[in-house]
Amino acid sequence: MLDTVIDIVAGTFMIVGCLMSLAAGIGMLRFPDLLSRLHAATKPQVLGLFLLLAALGLELRSWAVLPVLLLAWLLQLLTAPVSAHMVGRAGYRTRHLKRETLIADELAAVVEAAEQREEAEHGRDGNRDRADFID
Amino acid sequence: MTKEQRLKDATDESGARQRATLRQELPLLAGMMLVWGALWQDFAIGNLVFGLLISLVLVRVFRLPPVILSGRFNVWRAAVFAGAFLRDVTLASFEVLYLAVFRGPRTTSAIITVTLRTGSDLLVTFVGHVLTLVPGSYVVEVDRRTSTLYLHVLNVNDEAGVEKARASVMMIEERLIRMMGTKEELAELNAEKSAPGKEHGETP
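Top to bottom, those sequences are chains A and B. Residue numbering for the first sequence follows my numbering, beginning at 809 and increasing consecutively. Residue numbering for the second sequence follows my numbering, beginning at 25 and increasing consecutively.
Since the hints were derived computationally from the structure, they do not count as laboratory data. Check each hint, because a few of them may be wrong.
Some chain A residues near chain B, calculated using beta-carbon distances under 7 Å [as the list claims (entries may be wrong)]: (1) M822; (2) C826; (3) A831; (4) R838; (5) L843; (6) A849; (7) T850; (8) A892; (9) M894; (10) G896; (11) R897; (12) A898; (13) D913; (14) L915.
The following label-pair restraints were derived from C-beta to C-beta distances [claimed, not checked]: (15) B:T114 with A:A916: 20 to 26 Å; (16) A:R925 with B:T139: 35 to 41 Å; (17) B:G95 with A:V817: 39 to 45 Å; (18) A:L886 with B:R84: 20 to 26 Å.
Virtual Cβ for every residue (Gly too), placed ideally from N, Cα, C.
Next comes chain A alone, as it looks inside the complex (with noise of 0.2 Å):
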């Protein structure tokens, strides 16, 4: 009776994660530009990998594959993040996005004042590039 409501739960953990990882390749067809897909990338993701991990926790029935699945989830925690900040910054400075999806860009005032201090110490140099590039 256990066993079957542990499988039960097993595996809709596992129909939901695989859902989720769905959902993050459908963001990324759908999404505007490149700022907003990388929102695909980290959040339903790393719900997705949770439940398959969880799935697989409860289905090996082991209490030596718990850590492991905890680092698993933690390191994906930790890096997930990280690499999106890293992504997402690169394609703001290369100009990676669509502004007319931007109903703010809080960011835009501190960079142009950045800038005309740049070019108030340094003298304008040749010609400076503003067209945003749209994938």
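Here the structure of chain A is known, so what remains is to put chain B in place on it, guided by the hints.
Chain B only, in chain A's frame:
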């Protein structure tokens, strides 16, 4: 690390960094030892001691800048935080699923500025990590000197959404300060809560 040290470290471009003392590295060593045990699936004393030796060699060879802990850790707050985190990450994931399927290319977002209360590198990093996983945002740019985060927030449709996103980040920081902030930060937070009407996190 005092504020002056932090500023100096942030502006220092010579590449020379402060080094951590053995005492500051204790939590790191304990963590590495546990990772070793987890990887071998063996938590016997002998294996753990060997893991500790390897960790000691590693932190000597690959020097890291010191991570300054506050010396405070509230276990109950940590449990509350973990529960809220699991709930929020579930909600955020289903939100992204919904947006991806039904809104797709029409999804709008915003880049917002949030100035945190804390001055600790560790807490700023923690807030950055948690907010990436939880309410639908991630860090685009950081200003370490002023603890300012520039975030990209998904699904913001108007000015009210911007303020809501800012408030949710301040909420995450509040939970983390209650869990592991310094006594001073906690006292400041409590003072701020008991004096309503004072707004934090506004754009400078």
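Structure-based check of all given hints:
| no. | hint | result |
| --- | --- | --- |
| 1 | M822 | violated, 15 Å |
| 2 | C826 | violated, 12 Å |
| 3 | A831 | holds, 4 Å |
| 4 | R838 | holds, 4 Å |
| 5 | L843 | holds, 5 Å |
| 6 | A849 | violated, 10 Å |
| 7 | T850 | holds, 6 Å |
| 8 | A892 | holds, 4 Å |
| 9 | M894 | violated, 10 Å |
| 10 | G896 | holds, 5 Å |
| 11 | R897 | holds, 6 Å |
| 12 | A898 | violated, 10 Å |
| 13 | D913 | holds, 5 Å |
| 14 | L915 | holds, 5 Å |
| 15 | B:T114 with A:A916: 20 to 26 Å | violated, 33 Å |
| 16 | A:R925 with B:T139: 35 to 41 Å | violated, 20 Å |
| 17 | B:G95 with A:V817: 39 to 45 Å | holds, 40 Å |
| 18 | A:L886 with B:R84: 20 to 26 Å | holds, 23 Å |
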